[in-house]
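Undergrad: Protein chains in written order, with numbering that gives the first Met the number 0: chain W, 0 to 336; chain D, 0 to 336; chain V, 0 to 336; chain H, 0 to 336; chain U, 0 to 336.
Treat the hints as calculated values from the structure; they're not laboratory data. A portion of the hints provided could be inaccurate.
Pairs count within a copy or across copies, as identical chains cannot be separated in the list.
As the list claims (entries may be wrong) - Calculated pairs, DSSO-like style, for lysine-lysine (alpha carbon to alpha carbon, straight line, at most 27 Å):
#1 Lys333 <-> Lys254
#2 Lys172 <-> Lys222
#3 Lys62 <-> Lys148
#4 Lys127 <-> Lys333
#5 Lys118 <-> Lys333
#6 Lys334 <-> Lys191
#7 Lys331 <-> Lys127
#8 Lys191 <-> Lys331
#9 Lys333 <-> Lys191
#10 Lys148 <-> Lys201
#11 Lys333 <-> Lys208
#12 Lys150 <-> Lys331
#13 Lys333 <-> Lys277
#14 Lys106 <-> Lys334
#15 Lys277 <-> Lys106
#16 Lys84 <-> Lys106
#17 Lys331 <-> Lys201
#18 Lys106 <-> Lys149
#19 Lys149 <-> Lys254
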Amino acid sequence: MTSTASEPIGHAKPIILELITYNREYYEKHDTLSVEELLLHKKANQVNWVNLDGLENQDIIEKLQSHFCLHPLLIDDVLSDQRPKVEEFDEYLFLTLKMLHRLDSHKIEYEQISFVLGKDFLLTFQEKEGDLFDGFRERIRLDQGRVRKKKADYLMYRLVDIIVENYYNVLDKIGEIMDDIEETVYENPTNKTFNRIQSLKKELIYLRKALFPLRDALGKIVKGEYDFIHDENIRFYSDVYDHVVHIIDSLDTYKDLTTGLLDIHINAMNTRMNEVMKVLAVISTIFMPLTFIVGVYGMNFDYMPELHWRYGYYEVWGIMGIVVVAMLIFFKYKKWF
Amino acid sequence: MTSTASEPIGHAKPIILELITYNREYYEKHDTLSVEELLLHKKANQVNWVNLDGLENQDIIEKLQSHFCLHPLLIDDVLSDQRPKVEEFDEYLFLTLKMLHRLDSHKIEYEQISFVLGKDFLLTFQEKEGDLFDGFRERIRLDQGRVRKKKADYLMYRLVDIIVENYYNVLDKIGEIMDDIEETVYENPTNKTFNRIQSLKKELIYLRKALFPLRDALGKIVKGEYDFIHDENIRFYSDVYDHVVHIIDSLDTYKDLTTGLLDIHINAMNTRMNEVMKVLAVISTIFMPLTFIVGVYGMNFDYMPELHWRYGYYEVWGIMGIVVVAMLIFFKYKKWF
Amino acid sequence: MTSTASEPIGHAKPIILELITYNREYYEKHDTLSVEELLLHKKANQVNWVNLDGLENQDIIEKLQSHFCLHPLLIDDVLSDQRPKVEEFDEYLFLTLKMLHRLDSHKIEYEQISFVLGKDFLLTFQEKEGDLFDGFRERIRLDQGRVRKKKADYLMYRLVDIIVENYYNVLDKIGEIMDDIEETVYENPTNKTFNRIQSLKKELIYLRKALFPLRDALGKIVKGEYDFIHDENIRFYSDVYDHVVHIIDSLDTYKDLTTGLLDIHINAMNTRMNEVMKVLAVISTIFMPLTFIVGVYGMNFDYMPELHWRYGYYEVWGIMGIVVVAMLIFFKYKKWF
Amino acid sequence: MTSTASEPIGHAKPIILELITYNREYYEKHDTLSVEELLLHKKANQVNWVNLDGLENQDIIEKLQSHFCLHPLLIDDVLSDQRPKVEEFDEYLFLTLKMLHRLDSHKIEYEQISFVLGKDFLLTFQEKEGDLFDGFRERIRLDQGRVRKKKADYLMYRLVDIIVENYYNVLDKIGEIMDDIEETVYENPTNKTFNRIQSLKKELIYLRKALFPLRDALGKIVKGEYDFIHDENIRFYSDVYDHVVHIIDSLDTYKDLTTGLLDIHINAMNTRMNEVMKVLAVISTIFMPLTFIVGVYGMNFDYMPELHWRYGYYEVWGIMGIVVVAMLIFFKYKKWF
Amino acid sequence: MTSTASEPIGHAKPIILELITYNREYYEKHDTLSVEELLLHKKANQVNWVNLDGLENQDIIEKLQSHFCLHPLLIDDVLSDQRPKVEEFDEYLFLTLKMLHRLDSHKIEYEQISFVLGKDFLLTFQEKEGDLFDGFRERIRLDQGRVRKKKADYLMYRLVDIIVENYYNVLDKIGEIMDDIEETVYENPTNKTFNRIQSLKKELIYLRKALFPLRDALGKIVKGEYDFIHDENIRFYSDVYDHVVHIIDSLDTYKDLTTGLLDIHINAMNTRMNEVMKVLAVISTIFMPLTFIVGVYGMNFDYMPELHWRYGYYEVWGIMGIVVVAMLIFFKYKKWF
């Protein structure tokens, strides 16, 4: 079976279309079929999960649109960058949110994923190949957990839950980076530390932007506004909602902490500056009077009695010694050491 | 056909009055007629879009006012600078908002556009000639898309949508400028960079001021408070509303990012200051003791034994070498390099 | 006719009591009568506008209080500094707000004005003589506009509207000052600039304090909570409300902009400091080594071979030239120029 | 009559128990009786105001508790530090708030006062002897104002009103201090000024903490939620509510102003620093080249032709003069003067 | 009786399972039984408090889960870090919050405690052994207070109340640390002080994160949304709610104060910097001219008349004295001392 729709030419990302259809007794998986064939495998009275990875192929999307009667505005939302939101249509519920990938390279990647939840089907649209659901697909196949006993709304919950769980991973990673920076900032703050804090802060700003509207969207679901979510499953969405709120709380906490880190960094810089200035001031204060004194006895006046004293030279050293000691006492008093 | 109303004398901006009247079967366009003639072409049971560019001509506006029974407060709002708002009157719905132009010269221009939506007509009042709707006018003429099948409220949606789409262009441009500044600020921050950030921040403040009330106005429409918007078209307004919310989110994000950029700039300045001070301190700390030493042996005391030593001169050089090395070790220890 | 109530002794401000009574056909104006006489001229079925300038005369106020059955708490509110508010009593509606005067001397003056709106009368209490209503009084007399055709609630709207219009003048003035400061702060920031920004910020804080509660008060009127405002006139109050909201928006924008100006100022100061430090560092770095070198050859050792070289003096100059060039290259490399 | 309950041993604060019972015709005052005796003087159909100063005596409080059936949680609230709040019980209404004392020593003292308002009684619990009510007690005795004609809820209003009036005194005092600091900060800012601003800011923070919840508590009363406050008296509470809101507004304004003062102070410090640096740079820039020049002619080379010129010495002075003039021109150009 | 379930191998924390069952007449306590045995001792019509310390033992938790029909999501919440929340299930009410431990080592430890409140039972899940309830367990045994006369909802109130009381202890400790820091920051601010403020601020941020959602949770209980809390006990929860609000208020106050402390610290650092710079400038300004003067007379020109004057040397000293005095006057004028 080959997909006629996806044409991976050159650097084009492969487009993957996949159908999982199941109920308590039955499980079937089809992938990279042509859209028409795939939709033939859809079964009434089962949960039909149609997943599309890659949104470049207009043709596939149009076929899905016409088959599921998707509203043109909905398709617009799927294809363009959206803030997370939920929207009810007559025949389905639309939910879009962001999936996170790889924080390893200090950069979080965002992928938009959209859900269209109907009575007996769930469409998922992903921008790129590869997602967080492989383990879960296996669980469906093996009939682990409750998913095979439940409807499409529970399936959507599980997918959203997996995405939100992954936010926690990102959060933990940020926590680690934070601890690492905190250590550095106290011990050896450099310009690089500062820039790390700044780029972390930037990530937090973007994360918050992705999560804040998600809270509102899930909040609407939890209030029971939508008939597509069965009442007995609202508690599950409520649980995801709590997680999102918790994550937002943590982001806010992290944001406050980065502000603290910046303050610490700035203070460290100022302290160092202070130190440099003190060294400069100490050196100047000690050597300027000395240089003056030796300058005095470098003058060429015909009549300078001290020059002819027997111990004049040693006395000058003595005076200079006294000056140095006086200065050091002065600095001690000023608590510069 | 000449317009008797618009008299472009000297530097006066041309005033353009235009009527587009259409339904499923029929399309007609008239422009720069006298008001009276133009209004004769209005047709019942069609969508009549009357567009006025330039608000200087009192005469035209008064004629429109009397023909459409426009409330004096409404005319005041059209003519003066308003925050975006929606207001329902008995015979029509009034909506005013800001249109953006050209960010090329780093300066966003705002033009106020007001809509008066009646049962079978839409009035649009623009401050200046030239708008974003030319492509769309062509689409109406060619009967592309849904517009010819719909009523005046859909027409207004399309115009608002085009304006809001254009906000995205401005937003993208800001994003680019932002990236550009960020690069500069890390690599070679100057006073000019700082001023660029500040003027960007200023633009963001103004943009937010134009968009925040628009969100509220569209929010009221989306709630279905107004009968002039048909229920089946509310979803379209809802889509525009989502876009505006998304844009505001992005503006807030950008605002947070500019704060970050300012912090980076200030830190860069401080770091540089620190460096200058270090150079000064290093130079002073090395040369002050040296100058003192050579000053000592420039004194003219009769009795200074060192002066007569065979290798006194070389020994002084030796001592000075030791001093320099000691200082360098001190700086190394202080991590000034 | 002389007022027995107002006794301008010494520096006491003159107290002016004035009655304007009108309807469609009739107009009469009386001023500085004794309270009793004045109230005799009040006419049922007309709009009776009683205006009092100056609140020092207890006697007048008590007579007004007893004649109009004013609640003691209301009188307290009239006489003491209040935040703008609206309050409904059985026989009248009470509204108090702030009127602005003269920004010329960089200082906004606030005058509290209170309105008591009854079925057929409007009382206005002003702290000082002179108000913004003279032009409007003339319009009433000449029967211009709608005011003679309307009731007392419309009269109150017009007065409030005039006051709010005047806020715009103040706002424009602030805008001009802002532009002026912005230019200065980029070109030649001094301590005086900083203090101007600070005093502007202070004015904005006070303005906001006067306007924010006014918004709430007008908001209550607009909601139609009070029977003293006829339904057909609520739209007028709604218009004033919009203006107040617009002004508050602008104040917030200005506040954000002043923050920006302060940042620019501080940055300018730091930049200047940086420059001073650089000059100091450059001078020190160039001359300290030179001074050291000439110090070396000012030593009086018996045996210093260079002193006796034929071109020793010129060679020293050469070395010093090399040092200077090296330093300049170093500074070029550090980008200090 | 001696109080058996209050035993002022050693440093123990005196505990004062006092009963004022009145109606239109009748007035009686008893104080420092034993609780039992005092409660015998309570009269039905009169307003019975029982006031307790000092909360150390467990015995008195327990007797009051059992006599008035006070809920244990209420007693807990009376005895421990509470945020202002109102709470309804079956037999009474409980209100607790903070009373302010003496700002003379730059330190506001807070005293918690709790009210228990029943049908015909009002209990007030104060932490310390001495309150703001002495003048008002006299007014009750002399039957001035409305209080003798009203019930216990009006009595509570008057007491709360007196306390809130006193907030205004504190506010005025803060205003004066603010003006005083502002003058100092522009003219002669020292570290002491900074610390004064900081301690003022601290007072504002504490004040706000005491007032913000009071607003909420009074807001609940104003909404008419509690039957213990008669409808005709709600307007009075509404008036106190407005005052509290006004005071909070002023506190917020003051807080914004202190931020401004801090900015001014910091700017003054930086300006001064700048000045110090400039003096240093000017001195160094002028004298370093001069010292170098004289150093040159202090060298002891055998062959230095200038030393033997007839006017060499004067020419050196000339060159140094030129250098100084050049430097001064440079500083003028840099606008350092 | 030995617990078969808890196996303290190696460093594993001991798991404690405990049952307290009581009513007015009866009291029994069992601990570290196996789950099955323990649950046999549960008695209908009594309050059964089952407490589990340590959540590592899957087995115990599963048995409890199946016995009490606990929802899997609830168990997830018990086992993972949650923000405080309340959630109603059909058979029980779930409440989770944070318990604080030991601030001695400047570090607050958080332990999550979860409550499951049924008709006649209360389950408490704690992460670690040891809690704040020992004194209270004794009170139950001895039948002190009301607890034996009340149901499980009152028991939960008491436990929550004890936890919240403990927040006050932590708060007082923070208050003390704050006062201590404040003293230091005015008298002898060091980098260590700064870091103490920062770590305090961090604790406040974490505390707020733990308390803010608790307020919401208790707020829901107080509104009477849940049937598991009897109406007559809501007042008790209301009291705890007030305490939590009070604590949050205090945290906010403390946060504002730490900001003030940081400002004070930064100001102290800047003041010190200023002082260092002044010393440097004073020394330079005094000695640079002097060094120049003595340099002049160290020149070796053949013709320098001053060198041969009888009192030239003393006159130079005189001139230098004048220079020093002039400088000191200059500094006095600049108010540098």
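Undergrad: Take the hints in turn and mark each one as holding or not.
TA: Tested hints:
no. : hint              : in the structure
1   : Lys333 <-> Lys254 : neither (38 Å within a copy, 32 Å between copies)
2   : Lys172 <-> Lys222 : neither (32 Å within a copy, 39 Å between copies)
3   : Lys62 <-> Lys148  : between (30 Å within a copy, 24 Å between copies)
4   : Lys127 <-> Lys333 : neither (65 Å within a copy, 46 Å between copies)
5   : Lys118 <-> Lys333 : neither (79 Å within a copy, 69 Å between copies)
6   : Lys334 <-> Lys191 : between (32 Å within a copy, 15 Å between copies)
7   : Lys331 <-> Lys127 : neither (66 Å within a copy, 49 Å between copies)
8   : Lys191 <-> Lys331 : between (35 Å within a copy, 20 Å between copies)
9   : Lys333 <-> Lys191 : between (34 Å within a copy, 19 Å between copies)
10  : Lys148 <-> Lys201 : neither (43 Å within a copy, 46 Å between copies)
11  : Lys333 <-> Lys208 : neither (50 Å within a copy, 40 Å between copies)
12  : Lys150 <-> Lys331 : neither (79 Å within a copy, 69 Å between copies)
13  : Lys333 <-> Lys277 : both (11 Å within a copy, 13 Å between copies)
14  : Lys106 <-> Lys334 : neither (46 Å within a copy, 31 Å between copies)
15  : Lys277 <-> Lys106 : neither (41 Å within a copy, 35 Å between copies)
16  : Lys84 <-> Lys106  : within (24 Å within a copy, 33 Å between copies)
17  : Lys331 <-> Lys201 : neither (45 Å within a copy, 34 Å between copies)
18  : Lys106 <-> Lys149 : neither (37 Å within a copy, 46 Å between copies)
19  : Lys149 <-> Lys254 : neither (39 Å within a copy, 45 Å between copies)
The structure does not agree with the numbered hints 1, 2, 4, 5, 7, 10, 11, 12, 14, 15, 17, 18, 19 stated previously, though it agrees with the rest.
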